[in-house]
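Undergrad: Chains A and B are the protein sequences, given in the same order. So the first sequence is numbered by UniProt numbering: it starts at 1 and just counts up by one. So the second sequence is numbered by UniProt numbering: it starts at 1 and just counts up by one.
One or more hints might be untrue.
In silico contact screen, one side only, chain B against chain A (beta carbon under 8 Å); selected entries [stated by the list, open to error]:
#: 1; residue: Pro-61
#: 2; residue: Asp-128
#: 3; residue: Pro-129
#: 4; residue: Val-227
#: 5; residue: Met-466
#: 6; residue: Asn-469
#: 7; residue: Lys-475
#: 8; residue: Gly-483
#: 9; residue: Met-486
Simulated from the structure, these hints should not be mistaken for laboratory data. Beta carbons are placed, not taken as given, at the ideal position from N, Cα and C, and that holds for glycine.
The lines below spell out each chain.
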Amino acid sequence: MLKKEGEIRIPSGCAISGIINKTGECSINGSSIVKSIAHMHDRSNGLGGGFAGYGIYPEYADQYAFHVFYEDMTAREETERYLDRYFEMVNLSRIPTRKHPRIKDEPQIWRYFVNPIFTLLQEEQEEIDEKQFIVETVFHINTFIKGAYIFSSGKNMGVFKAVGFPEDVGEFYRLEEYDAYSWTAHGRYPTNTPGWWGGAHPFALLDYSIVHNGEISSYDANRRFIEMFDYKCNLQTDTEVITYIIDYLNRKQGLNYENIAKIIAAPFWEEIKRMPEAEAKRITLFRNTFASLLITGPFSIILGFNGGFMALNDRLKLRSMVTGEKDNIVYIASEECAIRAICPDIENIWAPQGGEPIIVRVNR
Amino acid sequence: MSINFIYPEYEVVRNEKRCIKCRACERQCANEVHSYDQEFDCMEAQESQCVDCQRCVTLCPTNALKIVKTNNRYRENANWQQQTMEEIFRQADTGGVLLSSMGTPKDYPNYFDKILINASQVTNPPIDPLREPMESKVFLGKKLNKLEFDENDELLSEIPPQIELEMPIMFSAMSYGSISENAHKSLARAATELGICYNTGEGGLNQDLYQYGANTIVQVASGRFGVHRDYLNAGAAIEIKMGQGAKPGIGGHLPGKKIQEKVSRTRMIPVGVDAISPAPHHDIYSIEDLRQLIFSLKEATNYKKPVIVKIAAVHNVAAIASGIARSGADIISIDGFRGGTGAAPTRIRDNVGIPIELALAAVDQRLRDEKIRNDVSIVVGGSIRNSADVVKAIALGADAVYIGTAALLALGCHLCRTCHTGKCNWGIATQREDLVKRLNPDIGSRRLVNLVSAWNHEIMEMMGGMGINSIEALKGNRLMLRGIGMSAKELEIFGIAHAGE
Numbered sequence: 001m002l003k004k005e006g007e008i009r010i011p012s013g014c015a016i017s018g019i020i021n022k023t024g025e026c027s028i029n030g031s032s033i034v035k036s037i038a039h040m041h042d043r044s045n046g047l048g049g050g051f052a053g054y055g056i057y058p059e060y061a062d063q064y065a066f067h068v069f070y071e072d073m074t075a076r077e078e079t080e081r082y083l084d085r086y087f088e089m090v091n092l093s094r095i096p097t098r099k100h101p102r103i104k105d106e107p108q109i110w111r112y113f114v115n116p117i118f119t120l121l122q123e124e125q126e127e128i129d130e131k132q133f134i135v136e137t138v139f140h141i142n143t144f145i146k147g148a149y150i151f152s153s154g155k156n157m158g159v160f161k162a163v164g165f166p167e168d169v170g171e172f173y174r175l176e177e178y179d180a181y182s183w184t185a186h187g188r189y190p191t192n193t194p195g196w197w198g199g200a201h202p203f204a205l206l207d208y209s210i211v212h213n214g215e216i217s218s219y220d221a222n223r224r225f226i227e228m229f230d231y232k233c234n235l236q237t238d239t240e241v242i243t244y245i246i247d248y249l250n251r252k253q254g255l256n257y258e259n260i261a262k263i264i265a266a267p268f269w270e271e272i273k274r275m276p277e278a279e280a281k282r283i284t285l286f287r288n289t290f291a292s293l294l295i296t297g298p299f300s301i302i303l304g305f306n307g308g309f310m311a312l313n314d315r316l317k318l319r320s321m322v323t324g325e326k327d328n329i330v331y332i333a334s335e336e337c338a339i340r341a342i343c344p345d346i347e348n349i350w351a352p353q354g355g356e357p358i359i360v361r362v363n364r
Numbered sequence: 001m002s003i004n005f006i007y008p009e010y011e012v013v014r015n016e017k018r019c020i021k022c023r024a025c026e027r028q029c030a031n032e033v034h035s036y037d038q039e040f041d042c043m044e045a046q047e048s049q050c051v052d053c054q055r056c057v058t059l060c061p062t063n064a065l066k067i068v069k070t071n072n073r074y075r076e077n078a079n080w081q082q083q084t085m086e087e088i089f090r091q092a093d094t095g096g097v098l099l100s101s102m103g104t105p106k107d108y109p110n111y112f113d114k115i116l117i118n119a120s121q122v123t124n125p126p127i128d129p130l131r132e133p134m135e136s137k138v139f140l141g142k143k144l145n146k147l148e149f150d151e152n153d154e155l156l157s158e159i160p161p162q163i164e165l166e167m168p169i170m171f172s173a174m175s176y177g178s179i180s181e182n183a184h185k186s187l188a189r190a191a192t193e194l195g196i197c198y199n200t201g202e203g204g205l206n207q208d209l210y211q212y213g214a215n216t217i218v219q220v221a222s223g224r225f226g227v228h229r230d231y232l233n234a235g236a237a238i239e240i241k242m243g244q245g246a247k248p249g250i251g252g253h254l255p256g257k258k259i260q261e262k263v264s265r266t267r268m269i270p271v272g273v274d275a276i277s278p279a280p281h282h283d284i285y286s287i288e289d290l291r292q293l294i295f296s297l298k299e300a301t302n303y304k305k306p307v308i309v310k311i312a313a314v315h316n317v318a319a320i321a322s323g324i325a326r327s328g329a330d331i332i333s334i335d336g337f338r339g340g341t342g343a344a345p346t347r348i349r350d351n352v353g354i355p356i357e358l359a360l361a362a363v364d365q366r367l368r369d370e371k372i373r374n375d376v377s378i379v380v381g382g383s384i385r386n387s388a389d390v391v392k393a394i395a396l397g398a399d400a401v402y403i404g405t406a407a408l409l410a411l412g413c414h415l416c417r418t419c420h421t422g423k424c425n426w427g428i429a430t431q432r433e434d435l436v437k438r439l440n441p442d443i444g445s446r447r448l449v450n451l452v453s454a455w456n457h458e459i460m461e462m463m464g465g466m467g468i469n470s471i472e473a474l475k476g477n478r479l480m481l482r483g484i485g486m487s488a489k490e491l492e493i494f495g496i497a498h499a500g501e
């Protein structure tokens, strides 16, 4: 019998694409990103596609938006009972979808805009870190409530994913009804999967979302290290472990994205030797302290977060990734065609080097 | 005198047609096996003295010699085998404890041989170390748990005391006294050239070798031989030896005949007096005492040197390692059951302790479960035989390995396992000047450099095959391993899947 993510480790190849408006204006319609990723159809095999949009919920910008897959009513009842206890529900509904001939076996897909209820939390725990509480809630529901899976948990952002080709997934979720300042997209080419919706990408935690193309060879070294810090790699996917690494380095270690790139795609010792002394010392300290968070093997990722994104290749650049810019909009994709599809007169198109992060922050 | 029940174990086979009676064999054999009979103009052999060290065979200019195991046999008995019977004869003769040298030769399972390594195919590319950078540098010691920055985003944190190694291999502890000055010189020079460390063992540091301090680990053992302030400050790290894989739970005994002038000065004991290391450190009867010794040593070295605690792999090694990690140690070194020794009681060597593979898997997992894996590095030894063993050990979770026996083999040792007699024909495990000078440190260090460099090349090839270009990404990467012919319980302990899964 085929096993789903979490029961077995499934490597996959992929396509990724990202668009961001540097002004922070929510000017990018969901149809653009769908069009972009559709041009890399052959980089997916119909076993997973997904999108992350930032700035899509202006009316609920201060609430955490939970997107949840349910396999049955029991899972939903149990989850809602759990959420009711700790959260104030500002809004809940099914996520709007349309029937699509190539999207099958859909679970129930729900969306909740919630505020944690702090008085109750404070009675139970003395000190609460709000984000840590959200993370624990997500881990709890995904681990212990059978048939329930929270796949998006940030503020004013949301993930939409399914089993299918990404362009079909985009139509299914009616992405043309959303406008964002930033979008990322993913088309998946797994080598083996029974097709579980939760296993599609982006993978998200809080407002971090990751789309990833590659198969990292450092997976178990990374996993066994990060699990020391209360993360649970339930899905056994690269994207999951990369998300936790970034959450750990950014949220718990307080490191900025420039520094995070120097840790997960660290410069070679040979390069460090040629750096100015202060820089060499800094990078050496990073490599020394976070040795087990070095990611090897091919990857190109786009990490979305509130207010920007970061694109990064592995340090040998074993996966293609190009970027370009036009009129305050920055485009990143596995292939140039995906950019030209939506911006034919793109300027300054170039391929970042391995380990060289492209970090775009919006002005707001 | 009673009858000697034991028939010589080896026969010296001399091809008379080839033998030119040059008597090289006679001069080479410290065991005095060979002699020349003038009357009959022929070479003779006293086979009962032969230990099969292969020195005469190797040095014979005409290849006239070979040593073969005798086929003289007692009546066959699956339960009472010949060796078992001979050990009884020997003990009945002498009333003594049986002594052996080097690691156990018994046929216990070797789990390294039941583990297979992965390689990339299609979905991610193998990396060619001839064309792409491939990194094997490691740091050993406590890692910081959090980095501190000032308000200008400048780093305030400093790397704690650590050992920096160009490759994850070190020469394990072999004391001056148990091995010769030239053996130590070979190790020290090779370690320096390779950018790794060798280990003094418990016999102090010969004054001539202080110059190699940056590549030296100085050991403090229960006998405290040769320990003084300059010694502690001379090396890159200090190792407290609590135990040894070949003889867990017991001390050491260097016979007086090995304590010549220079050894005596280095060990700070009189010439010709037996050097006895007690089984315990008499100031460490418990874990809290260990903490005091660790911090005494750190005080003595101004908190500049990482402290290693070396233990033998025993049944509850994971809990012991956890205790050590919480006691201020920076590195834990674990010595496995098959590890070598200059002398150990045979029964202990062959029956006490557990294989390093199991100990390593258990310790690494336990330290991770307790979230303290970052506080210590793990170094394992006890029969690391080749580069594949190194790769497997690191993928199971080791930071680096110690090699002892393999290093001695590079110097000429043929594992005759009679180090305790002090008559090593290869100039390694002896203090007899005429024998020591047979080992040329220039050649010895070259051979060690060759060996470890060759292994490092092989490690890089295997890493590249897995699509890994830095040793950090191999450490603890158990997904790269599969068991073959292991039980479910064994796989569970190793935390790996079976081949085909």
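Undergrad: Would you check whether B/Met-466 satisfies its interface hint, that is, whether its CB is within less than 8 Å of any CB in chain A?
TA: 6 Å, holds
Undergrad: Report holds or violated for the interface hint on B/Gly-483, using the least CB-CB distance to chain A and a cut-off of 8 Å.
TA: B/Gly-483 check fails; min Cβ-Cβ to chain A is 15 Å, beyond 8 Å.
Undergrad: With 8 Å as the cut and Cβ atoms as the points, is B/Val-227 at the interface with chain A?
TA: Constraint on B/Val-227 not satisfied, violated at 30 Å.
Undergrad: Min Cβ distance, B/Lys-475 to chain A: is it shorter than 8 Å?
TA: Holds, about 6 Å.
Undergrad: Under 8 Å, Cβ to Cβ, is where B/Asp-128 needs to be relative to chain A, so tell me if that hint holds or is violated.
TA: 11 Å, violated
Undergrad: Under the criterion of a CB-CB separation shorter than 8 Å, is B/Pro-129 in contact with chain A as hinted?
TA: 12 Å, violated
Undergrad: Given B/Met-486 as an interface hint, is the shortest Cβ-Cβ distance to chain A below 8 Å?
TA: Violated, about 18 Å.
Undergrad: Could you check if B/Asn-469 really has its C-beta closer than 8 Å to a C-beta on chain A?
TA: At 5 Å from the nearest chain A Cβ, B/Asn-469 passes the 8 Å test, so the hint holds.
Undergrad: B/Pro-61 was flagged as interface toward chain A. Is the shortest Cβ-Cβ separation under 8 Å?
TA: Violated. Min distance 48 Å.
The structure fails hints 1, 2, 3, 4, 8, 9 (numbered hints given earlier, in ascending order).
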